[in-house]
Every structure is written in structure tokens, then in C-alpha cells.
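Knowing the structure of chain V, use the given hints to seat chain W with the ligands on it.
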Amino acid sequence: MRNIVIIGNGISGVTAARHIRKHSEDNITIISAETEHFFSRTALMYIYMGHMKYESTKPYEDFFWKKNRIDLVYDYVEQIDFKNKNLQLKQSENMEYDVLVIAVGSKSNMFGWPGQDLEAVQGLYSYQDLESMEKYSPTTQNAVIVGGGLIGMEMGEMFHTRNIDVTFVVRENSFWNNVIPPEESEIINRHIRKHGFNLMLETEISEIIDDGNGRAKGVKLKDGGEMDAQFVGLTVGVSPNIDFLKDSELETNKGIKVNEYFETNQTDVYAIGDCAEFQEAPAEDRKPIEQVWYTGRMHGETLAQTICGNKTAYQPGVWFNSAKFLDIEYQTYGQVGNQPDEDTEVHFYWEHKKGEKSIRLIFHKEDKTLKGVNLMGVRYRHEVCDKMIRDNWPMKKVFQNLKKANFDPEFFKKHEDELVGMYNERYPNDVVKLSRKKILGVF
Amino acid sequence: MKSLKIIHKIGLIVFTIGFFTFLSLFFLGQYQLDKNDLREVIGEETFPLVDEFASDIYDNKYNNQFAFISDFKSVLEQSNQEVKAKFEIKSDLAKEIANSIEGKAFQQSAIEKAIGEPSGEEEEWQLKQLKDYTGWMEGKEYESSEELTSQLENVIADVNKSIISQKGFSQNNINNKAFTITKQSEVGPVVQNPWLWLFLAIGIPIIGAIMYLLPKLKTEHAGIKNDGIFHSALKNRGWIGILLGTFLISFYVFLYWYPEYMTSWIVMVDPLSKMISGNPASQWFMYGFLYTLAILVMGVRMMIKYRHSPYQLIRTVSVMFFQLSFAFVIPEILVRLNQPYMDLKNMWPLDYTFFFDYRLNEMIEAGTIGLFMLGWGIALFAIGVPLFTYLYGKRWYCSWVCGCGGLAETLGDPYRQLSDKSLGAWKIERWLVHSVLVFVVVMTAGVLYTFFTGSSELLGINTYNIRAAYGFGIGAMFSGVIGTGFYPFMGNRVWCRFGCPLAAYLGLVQRFKSRFRITTNGGQCISCGNCSTYCEMGIDVRWYAQRGQNIIRSSCVGCGVCSSVCPRGVLNLENRDENGRFNQPSLIGNDSFGVQS
Ligand SMILES: Cc1cc2nc3c(=O)[nH]c(=O)nc-3n(C[C@H](O)[C@H](O)[C@H](O)COP(=O)(O)OP(=O)(O)OC[C@H]3O[C@@H](n4cnc5c(N)ncnc54)[C@H](O)[C@@H]3O)c2cc1C
Ligand code: SF4
Ligand code: SF4
Numbered sequence: 001m002r003n004i005v006i007i008g009n010g011i012s013g014v015t016a017a018r019h020i021r022k023h024s025e026d027n028i029t030i031i032s033a034e035t036e037h038f039f040s041r042t043a044l045m046y047i048y049m050g051h052m053k054y055e056s057t058k059p060y061e062d063f064f065w066k067k068n069r070i071d072l073v074y075d076y077v078e079q080i081d082f083k084n085k086n087l088q089l090k091q092s093e094n095m096e097y098d099v100l101v102i103a104v105g106s107k108s109n110m111f112g113w114p115g116q117d118l119e120a121v122q123g124l125y126s127y128q129d130l131e132s133m134e135k136y137s138p139t140t141q142n143a144v145i146v147g148g149g150l151i152g153m154e155m156g157e158m159f160h161t162r163n164i165d166v167t168f169v170v171r172e173n174s175f176w177n178n179v180i181p182p183e184e185s186e187i188i189n190r191h192i193r194k195h196g197f198n199l200m201l202e203t204e205i206s207e208i209i210d211d212g213n214g215r216a217k218g219v220k221l222k223d224g225g226e227m228d229a230q231f232v233g234l235t236v237g238v239s240p241n242i243d244f245l246k247d248s249e250l251e252t253n254k255g256i257k258v259n260e261y262f263e264t265n266q267t268d269v270y271a272i273g274d275c276a277e278f279q280e281a282p283a284e285d286r287k288p289i290e291q292v293w294y295t296g297r298m299h300g301e302t303l304a305q306t307i308c309g310n311k312t313a314y315q316p317g318v319w320f321n322s323a324k325f326l327d328i329e330y331q332t333y334g335q336v337g338n339q340p341d342e343d344t345e346v347h348f349y350w351e352h353k354k355g356e357k358s359i360r361l362i363f364h365k366e367d368k369t370l371k372g373v374n375l376m377g378v379r380y381r382h383e384v385c386d387k388m389i390r391d392n393w394p395m396k397k398v399f400q401n402l403k404k405a406n407f408d409p410e411f412f413k414k415h416e417d418e419l420v421g422m423y424n425e426r427y428p429n430d431v432v433k434l435s436r437k438k439i440l441g442v443f
Numbered sequence: 001m002k003s004l005k006i007i008h009k010i011g012l013i014v015f016t017i018g019f020f021t022f023l024s025l026f027f028l029g030q031y032q033l034d035k036n037d038l039r040e041v042i043g044e045e046t047f048p049l050v051d052e053f054a055s056d057i058y059d060n061k062y063n064n065q066f067a068f069i070s071d072f073k074s075v076l077e078q079s080n081q082e083v084k085a086k087f088e089i090k091s092d093l094a095k096e097i098a099n100s101i102e103g104k105a106f107q108q109s110a111i112e113k114a115i116g117e118p119s120g121e122e123e124e125w126q127l128k129q130l131k132d133y134t135g136w137m138e139g140k141e142y143e144s145s146e147e148l149t150s151q152l153e154n155v156i157a158d159v160n161k162s163i164i165s166q167k168g169f170s171q172n173n174i175n176n177k178a179f180t181i182t183k184q185s186e187v188g189p190v191v192q193n194p195w196l197w198l199f200l201a202i203g204i205p206i207i208g209a210i211m212y213l214l215p216k217l218k219t220e221h222a223g224i225k226n227d228g229i230f231h232s233a234l235k236n237r238g239w240i241g242i243l244l245g246t247f248l249i250s251f252y253v254f255l256y257w258y259p260e261y262m263t264s265w266i267v268m269v270d271p272l273s274k275m276i277s278g279n280p281a282s283q284w285f286m287y288g289f290l291y292t293l294a295i296l297v298m299g300v301r302m303m304i305k306y307r308h309s310p311y312q313l314i315r316t317v318s319v320m321f322f323q324l325s326f327a328f329v330i331p332e333i334l335v336r337l338n339q340p341y342m343d344l345k346n347m348w349p350l351d352y353t354f355f356f357d358y359r360l361n362e363m364i365e366a367g368t369i370g371l372f373m374l375g376w377g378i379a380l381f382a383i384g385v386p387l388f389t390y391l392y393g394k395r396w397y398c399s400w401v402c403g404c405g406g407l408a409e410t411l412g413d414p415y416r417q418l419s420d421k422s423l424g425a426w427k428i429e430r431w432l433v434h435s436v437l438v439f440v441v442v443m444t445a446g447v448l449y450t451f452f453t454g455s456s457e458l459l460g461i462n463t464y465n466i467r468a469a470y471g472f473g474i475g476a477m478f479s480g481v482i483g484t485g486f487y488p489f490m491g492n493r494v495w496c497r498f499g500c501p502l503a504a505y506l507g508l509v510q511r512f513k514s515r516f517r518i519t520t521n522g523g524q525c526i527s528c529g530n531c532s533t534y535c536e537m538g539i540d541v542r543w544y545a546q547r548g549q550n551i552i553r554s555s556c557v558g559c560g561v562c563s564s565v566c567p568r569g570v571l572n573l574e575n576r577d578e579n580g581r582f583n584q585p586s587l588i589g590n591d592s593f594g595v596q597s
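From first to last, the protein sequence lines stand for chains V and W. Each residue of the first sequence is one higher than the last, beginning at 1 in the numbering used here. Each residue of the second sequence is one higher than the last, beginning at 1 in the numbering used here.
Mixed in with the good hints, there may be bad ones.
Stretch by stretch, here's where chain W covers chain V in the computed footprint (C-beta under 8 Å, at least three residues) [what the hints assert, rightly or not]: (1) 50-60; (2) 337-345; (3) 379-388; (4) 408-414.
Quick caveat, the hints were computed from the structure, so don't treat them as lab data. Note that beta-carbon positions come from the ideal geometry of N, C-alpha and C, so glycine has one too.
Okay, chain V solo, but in the shape it has when bound:
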């Protein structure tokens, strides 16, 4: 029986543990310094907004761990002695391992702004970050959020529910347009403003101002202006949380260097999740560091195979992701760049007249097969999109079957006909006929 020790009780570490338990009787220990039990980081905002209690963000009831013989240690790993396979913990005795999985996640980026260490200046990543947001909220009337990304959006929405005025300071000229195409980005700009947020585009801060007691009281902008802010949110991305490993023999760059088996340069030591950096991107449309929930989970699933004797290379399938901007849900499948590439892509972009829903289908120009799907305010079926992209469905087949891809609830207005109309208009010689709807879903 081996001692398998996992540092980090996030989605990647926990998934690895669960899957290892399915195939082996080894001892499994998970160490984390954040919370005693695994909780869903993605739900942090809902705790603050009063949608849920911390308890309800735990995906497994507390008895689960004991029942599955997964030991939990609530402590911080200070150092790792890779030679002697030994962990030095902050509070408890040293711990030995036979196999070590490092799944320590990320930390919020800080770009060296003057004043970034003041009180009430922070990112949102950990449970502790949430607690300090709670702490400063009652004394905050204006919050400035630096960076136009998903976590910034969440932070803004959180403050909004406490009637705190929120200003987004975004370097780009449109929200999140370094990731999504301009039209979708514009939908978000409009939506944010409609909800009463102050959105400052093409703006950067130069400094955070001290109120004299060590707390933020405002920001200075690069172009000279100043703004009040009793809270400054820094949401300009995250990076691997590996400072405590920087001086060790473990090979790191931005993250911990791993190959496709999540092997590091140390024997029996693996890294997964946000903190792993692939020597080579796992697929041509992927990045060497993947910092989303889903990939963390997939890393854990795959590594468990290798640890249990079935050596398996990580092979992610068709990319997908989702998020929510206030009331607008966002889903994406396959490859969707932030700038349509006229030379290699054919786009079909439909937007609802109220401007809060859109569907974008992207085809390869060359062989007219589906490349990616981007959706705002509309839900599509993962299984169908995955199949259409993976099996290189040609354009006509995609449109013929587009209705099957829709995943919106019953009675929602469906818009696939309008997209088919666009197709028929563009290719009048090869039109797609539409099928009839069933009465009461039966006849």
C-alpha cells in the first residue's frame, strides 16, 4: 500500500483522489490550508450574495471522505523534501509520501502597482478573500474593479447586491474582447451599463491611494484622473500558486512543468490543475496552462489512471467553457477566436433584436466544417456541439440539425429557424428545409 498525498483540495486534487479510490486501496491523504473540506470555488460569489451558505457549496457531504477512506489534513505545506519524499507542514508533524500530487491552484495576479498591499485591495480567489470582502463591505460605498474578466465581473455583481457603486477600469476597448468576438463583447458592455455599473474602457490605474491609515481610499488613473474607492478589486488574471516551491529542485516556469502524463522532473511527483504548466500545449488550440474548473477535473481524472497503473496521456477533447455576465449566460464550444479571421473562417452571427442573446457558428472556410460555437443568452447541448465539431460536420448538416443542439428549457422561444434563414439566404441553391414542431411534444 502506497501513501498517496495530494496537496490542494480543489477540484483537481479531489477528483484525482476520488478516481484513485475507485481503482486502488492505497492510503490517500489530501492536505489543504484553505478550508477543511472541498468546496466549490466557482460558488464563492453566491455565498456573498446570500444565494447559498458555505455549507451548500460543498459538493460532498462531510461523511463522504471517511466513507471513501480519504484522509483530510487541514494544514499548510511549507516545504517539500523531494529526495526523502517528505513534506514539512506548518502545524503538524512531517509527512512522508510515496506518490505526491501537487494541485495547489492559483493566486490572484498583482502587477506591482504602488499601493497594492494596502488594506481593502485584493483579488477574489480563496475563501479568505471572500471573508475579507465581507469585512470591508460595510465601510465601502465605491468600489473600483481593475480588469475586465470573469472574476472581475463576479466581484462587481457581488458588490452590486449590497448597493455599492462599482466602477470597472478596463485596459481593453471593450469588455473581455481579448477572449470573445467584438459583437459578443459589445453585448456585455451594454448589459453592464444597463445594470447601472460604471464601465471605463481603455483606462488603466497607476496607483492606489492610501487613506492615511493603511487602507485604500481611491485610485489614480494613468491619464491623470482620480477616483474614490474604499475597496479596490484587482482581477487581472491568476497565476500558479507555487511560490513555496520556487527554490526547490522542482522544475517550474510560470507553473510546475509537466509532460502529458502530469509527470514533473521529480520521480513520483505529479502536478495538475491550475498550477501545472505543460511543456507542450496538450492540443494545438490549447494553452500550456489551463485555469478552468473543467480542465482541473479532467487532469484529476486522467492522472488517477496513471497512478493506478494505467499510464494515460492527457488528451483533452473539444474545448468548451461557460460563464455568466450578470443575467446573460455564455457558452462556447470548439475554437472561437476574439477576432473573426476572414481568410480561414466563415461566420454566421445572429443577434436577438433586444441585444441580449446571440448565436455564432464558425466554419472552416476551406472544407466548410464546423469549427466553433459561441452563445450568449442561449443554451446549447454539449453532446451535440461536441459531436458536430469532433466529427467535422459540414455546414449544411449542421444547419439541418441545429434544432437538436438547442438546450433552452421548454417554451423558450427558439431561434434556430432564423439562423437557417441566414444560411438559406447565403446559399440559395442548397437550402435547408425545416421540420415541424410536435403538438404537446407527442404527436
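Relative to chain V, chain W with the ligands alone:
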């Protein structure tokens, strides 16, 4: 915008004032007993007896129902004492009878001998009772005179026990009379001006509620707004929740067992009842009226809150419609037309009295319409349930049609997050709800056996006792007091989840033979837990969603809220081909190996 927010706030104040007016009505009644009313209620024959004790209180004007009812009940109890003294048989008589027996075998003639020629009403009654009670002893041999005496003493005790129920007022009877009399003796402000009070106590709160709700259409954007729910003293078992729960529980206790104390509320709706059905209001009319209003007003709230979802809009309109028409207005109109009262969308076994003798007789006697009702009621659960549940899942009833479900989905919506999601609760649920199903089947079988054979004993158990036990334990206690009273403590579907036998039956069909499922959208779940938190049935939806598995649970009522609150669009209620309904847990997106989570 600003003025809308002000209207919103004023609405809350108006509602609160109205609600307190409603509450205060309970204490506002004044009562005075009228001799003619009393005569009418008691009946000409017994009246003189009661009159003797009641004459003391005719002139009293009572300022609260508690004193009045207590005095009135004591009048009847005094009458009982007198009756008892009058008709009681002395136990010495046993010896006398035994002594006048010749030989070992008992003969009824000995009773006549012992009593002699009956003089007056009392002795006639005593003789008749004794003969009735000893019929089975005729000719029976007794070893000794002592043995016979003690047997006879038992008989006499039994006869004496029957005095109250036959000649006086049983407890049940006292309660019924107290209800009628209290209602008729109301002389307070409400009875003088019921329409005004109806406006003040019901109209004003509704106006307040509408003022509170409608501005949200403009002040809040469409979309899921569960902000602050777990910070709320009302919605997270805080002090307001506790007060509300206490109120609801007390309301149900009065309604089921002490309706005579809530006559002020009933008098208030009297004119309305007369308008609709032609009869004065009973506590059940008042209850139905408030119930319907609650569904309508809170239905409007539900529609505003979930207005981004057509599924929720249509579903809410549906429960509002069925409550207003099928449950409230149509039955009253049937009564007006001298037809049996029937809620045509309610069905056995939720409607557990459907096969009770009085209902069957009523339907049989009502001719074609009655027989149609009988056939309809049977077809609903025998054909409707399997068919529609196969096609659409149990939601076709539980969250679209049913009255209990209707209340849960509207009045109860603010408490849905309080349901227990633990595995332990699920275990209890399965045991409990299926036990109630077995209970109702056994109870109904017993009742039908008695109906057809006339014998009230089945396998040594008295079918009336089972039926009474069910009515008290399940019909009143579970579905009313706990089912609704516990909204602010255990969520809005306590009854539907743990107690409703119809839900159990629908659930069995849904689990094993249905096209309905909640589809999980591949690997998109982020395990946030919103779905589980807001599932009123306490289903840990996330458990399935994060494994990429469809949710197929017998308890799911298809309210669709899990799907509405999911921030990633992972869940979809669907009726589809049964193939692939029970999918293997598997998550799309990882091609490394065949992932089974
Ligand atoms: C607010 C927010 C919202 C998000 N929303 C989404 C979303 O909607 N969709 C999506 O795909 N992704 C989302 N993400 C990203 C996603 O949550 C992360 O990619 C994922 O949680 C990373 O998981 P992980 O297991 O790699 O690491 P983590 O979840 O970060 O777990 C690492 C754990 O290790 C602990 N740890 C670190 N160092 C040590 C040490 N030395 N000793 C002991 N313990 C240590 C940390 O405290 C932490 O608990 C969101 C992230 C945030 C912050
Ligand atoms: S699983 Fe979803 S649809 Fe079913 S009862 Fe729960 S919340 Fe409603
Ligand atoms: S609400 Fe949606 S994303 Fe959250 S746990 Fe449920 S299914 Fe998953």
C-alpha cells in the same frame, strides 16, 4: 425609478398593516347568546334541558370567544351531568337481576322482573338498553351468581357510558354545536359590516402586496434574483420565519380542531359564500378562500420573479387557474346546483375520503352527474396518472395542477431553499412516503370492505378506527399542520416529499416508466450547488449533474427551478425517448480514456 421604490416600500407597510388587521380580527369578536338561535341549534326536544342552564348567560355580552365558548360548553356539560344523573343505572341492579334468575342460564326476562313495570321515560330507556346490551347473553350459562353479577355490572357500566352520546352531547357534538352557536352569536363589528372588514383585512393586504410586487418589474432586471435569501430573517429561519411558522401552525390547529374560535374570520366571508354557493360560510370556505388568494397573489410574485423563464410563467398560470376554478369556484357552484361538492382535479389517494361511504352514497344518489364524478375520479388515478406521467413525468400533476403543489410553488417559493438535501433525509423520505401510500391503500381497502359487506371489522381491526387514524394523523396533522406550517422551517414541500401518497404513486411511475428526465448538459457543471440549494424536494441535483448523469428521481416534481437557477445552463427538463434516459455517469470533454465518473 425612485418613486417606484417608494411605492414598493409603502406596499410593504400597507401589507403589514392589513395583515395585522386580519390578525386582530381574531380578537375583535363580540358574542351574545340568543335563545332562539339556541333552540334552533339544540332542537326543540332537548332544548328545555339546556335552556335551564343557558338562561344565566343569555344576557351576557362577551368580548372574546374564549370566555363565551367556555361558558357555552359548560352549559352543555351541565346538561350532560343532569342527563347522566337522570338515566344512570345503579350497579346494585346487577345483583338484583342475578338473584331473580332461576337455574344457571341467563334469561332477559329477569331484567324485567328486577326493574318491574317501567315508570317513565328513564326506566323505559334503561330497560331497552339493558335488553339490547344483553341480547348475546340470552341462554348463556354462568357458573355462579357472582360471575353473572360481575358480567352484568360490566353491561351496566357500558350502558351508563352510552347515556351521553344518546341522550346528551358527545364531545364531537359539543364542538359542532359550539362552532355553529359561536358563529351565530357574533354581534361584534365584523358581523355588522362584513364587507368593510373583508376589505380592511383582506383587500388592504392584497393592495399592499401588489404595490410591493409590481414595481419590481421595473426596478429589478429579469433574471435569477436570489440575493440576500440566506441573510433574510424570513427566509433563513430567522425570527420572522419563526413567527410566521408559529402563526401558520396555530392557524391549522384552530382550523382542524377548534374552528369555533375563528368564527370572526368566517363571518367575514359569509356574504361572499352566500353569493357563490348560496350557503353560509364554513371554516372550509374561509380556508379555501384564503388558500386561493394566497396562490393568486403569491403566484403574481412568482411570475415576476421568474419572468425570464416562459416555463415558470406558464406553469404558474396553470396552478393559479386550477386553484381558482377547479378547487374553489366550481365546487361551490356544484353545491349551488344541488350537486355533490367536488374538486374535479383532486384525486385519490390525496383525496383520501373519495371512497368513504358518505361520498360514495352522495355520488350514487346524485344520478348521472354523480356517476360521472365517480367514474372521473377513478379514471384520473387509474388511467390519468400512468398515462400522463409516462408522457410528461409527475410534474403534470404536482407542479402544474395540484392544489398542495400550487400553494408550495407560490406561497412556499420563498422557503424552497430550506429543504434538507442530506442523504439521511432522502432515506427518511423514502420510508415515510411509501409507508403512507401503504397506509392509504389499507385504509381504503378497509373502508370499501365495510361499504360493500356492511361489516366494520376487517382482520380484527375496526375500519372506522383506521380511517379516523388516517384522517387525524395524515389528513390533518401531516398535510396541514406540518405540510404548510413548516414552510418556514423545513421548506415548502414537506408534505409532498415526506407524506403525500399520491406523490409516492406518481413517483413510482416516474421512476420506472416515463419519458421525463432532467438532462445534464455534458460536462458543463461547475458544482456550484445552486440547483441542489433551490430544489424544494431536497434532491441533491448537483450530485448527478457534476457526474454528467441525468436526474431521474421519483420525488422530482418538475418545478424546473433547478434549471432556472443554474448559472451555467446545465439542466433541462425534457420528455424524450426512453432510450438513454438512465445514462451512465460520464463527462464529455476528456478524450484521454473512457471517463466514467
Ligand atoms: C471566483 C472564481 C470563479 C470561478 N468561476 C469559474 C467558472 O465559472 N468556470 C470555470 O471553469 N472556472 C472557474 N474558476 C476557475 C476554477 O475555479 C479554477 O480553475 C479551479 O478551482 C482550480 O482548481 P485546482 O484544483 O487546480 O486548484 P484550487 O481550487 O485553487 O485548489 C488548490 C488548493 O490548494 C491549497 N493550497 C495551495 N498551496 C498550498 C500549500 N502549500 N499547502 C496546503 N494547501 C495549499 C489552496 O489553498 C487551495 O485550497 C473560477 C475561479 C474563481 C476564483
Ligand atoms: S430536481 Fe429540479 S425540477 Fe425536480 S423538484 Fe428539484 S428543483 Fe424541481
Ligand atoms: S446549478 Fe448548475 S452548475 Fe451549479 S451545481 Fe447545479 S448543475 Fe452544476
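A quick look at each hint next to the structure:
With a cut-off of 8 Å between beta carbons, the region 50-60 of chain V has 8 residues touching chain W; three or more are needed, and the interface restraint holds. For the region 337-345 of chain V, the stated coverage by chain W is violated: 0 residues have a C-beta nearer than 8 Å to a C-beta of that chain, whereas at least 3 were required. For the region 379-388 of chain V, the stated coverage by chain W is satisfied: 5 residues place a CB nearer than 8 Å to a CB of that chain, which reaches the threshold of 3. With 6 residues having a Cβ less than 8 Å from any Cβ of chain W, the region 408-414 of chain V passes the three-residue criterion, so the hint holds.
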